[in-house]
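Given chain A, work out where chain B should sit, using these hints.
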Amino acid sequence: MPVDASAKGKRFPPFEYEVGKEKIREFAQAVGEDEAVYFDRAAAKAAGLRDVAAPPMFAVVYSAGAVGPALFDPEVSIEFALMVHGGQEFVWGEPVCSGDTITTVAECKDIFEKDGKGFYVFETVSTNQDGEEVVRATWTNIVRGV
Amino acid sequence: MDVGDSIPELRVTPDRFLPHRYAGASGDFNPIHIDREFATQVGLPGNILHGLYGMALVARANAAAAGGDPRSLRRLSVQFRGMGLPEQEIVVSGTVTAVDGDRVTIDTVAEQSGKQIIKNARAELRTT
Numbered sequence: 001m002p003v004d005a006s007a008k009g010k011r012f013p014p015f016e017y018e019v020g021k022e023k024i025r026e027f028a029q030a031v032g033e034d035e036a037v038y039f040d041r042a043a044a045k046a047a048g049l050r051d052v053a054a055p056p057m058f059a060v061v062y063s064a065g066a067v068g069p070a071l072f073d074p075e076v077s078i079e080f081a082l083m084v085h086g087g088q089e090f091v092w093g094e095p096v097c098s099g100d101t102i103t104t105v106a107e108c109k110d111i112f113e114k115d116g117k118g119f120y121v122f123e124t125v126s127t128n129q130d131g132e133e134v135v136r137a138t139w140t141n142i143v144r145g146v
Numbered sequence: 001m002d003v004g005d006s007i008p009e010l011r012v013t014p015d016r017f018l019p020h021r022y023a024g025a026s027g028d029f030n031p032i033h034i035d036r037e038f039a040t041q042v043g044l045p046g047n048i049l050h051g052l053y054g055m056a057l058v059a060r061a062n063a064a065a066a067g068g069d070p071r072s073l074r075r076l077s078v079q080f081r082g083m084g085l086p087e088q089e090i091v092v093s094g095t096v097t098a099v100d101g102d103r104v105t106i107d108t109v110a111e112q113s114g115k116q117i118i119k120n121a122r123a124e125l126r127t128t
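Going down the list, the sequences are from chains A and B. For the first sequence, the working numbering begins at 1 and goes up steadily by one. For the second sequence, the working numbering begins at 1 and goes up steadily by one.
Extracted from the complex, chain A is given alone in its bound form (with noise of 0.2 Å):
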């Protein structure tokens, strides 16, 4: 069966995220970060940051809410039990803060087959209250025996 590749270049809805110093806090602690930074609002003012700063893959939490619509879409139609997330990139920008207000867009990059194997590639670019870009994302999911 060959991947349906019409999805292709569709973009979704802005997903917008507001940063709290708590949730901040219970990211850093369960991936075992321990910057004072992440934690302590003077030692991240110290640091020349707004408040206390997002680890750099708190850009999971808030991209999530842009992510998930594209990955579920009828029109991008992955066959979720036979997926597996093969790749990820990040290239970081402007530091996020507690307190920053985070709109990520997301869109199908790209849908092919190789090797017996369905890919299916999102781009999500986020940006902070300012329109000044935090993050851009590359997910690529891996769909086997299509």
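Any given hint could be a false lead.
[Said to hold, decoys possible] With a straight-line cut-off of 27 Å between C-alpha atoms, the simulated DSS-like cross-links for lysine-lysine are:
#1 Lys45(A) - Lys21(A)
#2 Lys117(A) - Lys8(A)
#3 Lys117(A) - Lys119(B)
#4 Lys114(A) - Lys115(B)
#5 Lys119(B) - Lys109(A)
#6 Lys10(A) - Lys117(A)
#7 Lys115(B) - Lys117(A)
#8 Lys109(A) - Lys23(A)
#9 Lys119(B) - Lys114(A)
[As the list claims (entries may be wrong)] Cβ pair distances, simulated, as ranges:
#10 Gly101(B) - Asp73(A): 40 to 48 Å
#11 Ser6(A) - Thr128(B): 40 to 48 Å
#12 Lys8(A) - Gln88(B): 38 to 46 Å
#13 Phe38(B) - Glu113(A): 23 to 31 Å
#14 Val99(B) - Gly93(A): 44 to 52 Å
#15 Asp100(B) - Glu133(A): 18 to 26 Å
#16 Thr138(A) - Phe38(B): 26 to 34 Å
[To be verified] Listing some non-contacts, in silico: residues in chain A with all C-beta distances to chain B over 12 Å:
#17 Lys8
#18 Arg11
#19 Gly32
#20 Arg41
#21 Glu75
Derived from the structure by calculation, the hints contain no laboratory data. Keep in mind the model is a prediction, meaning the values are calculated, not measured. Here a beta-carbon is modelled for each residue, glycine too, at the ideal position from N, C-alpha and C.
Frame of chain A; chain B shown alone:
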């Protein structure tokens, strides 16, 4: 940092309930990560770690090599291979492959029980 240098190794043994905490923190409640019974029913050896948790360890090891500032990590790309399990040590190691002014490129792997769970991880750091 110079080409060929190793970054300090990061060794972490995620406890039994780490996948549940990471699920809550990240919002990814896929049952393969938090429900051992479901995971074994779909052919996995048990509930497996989130791939993005492993990537967070790789991010940590690289940022730490540049002094720990979150602004030092500019780019990270990884491939997920195999699967990570709770209660087994993960070792993240990396080698500097390029230096261009204050930009440093580091190739990183994350291994568990001798098997790579994250491979071809390439980080770009800004060291100033």
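### Query
Tell me, which hint numbers fail for this structure?
Going through the list in order, the structure violates hints 8, 14 and 19 and respects the others.
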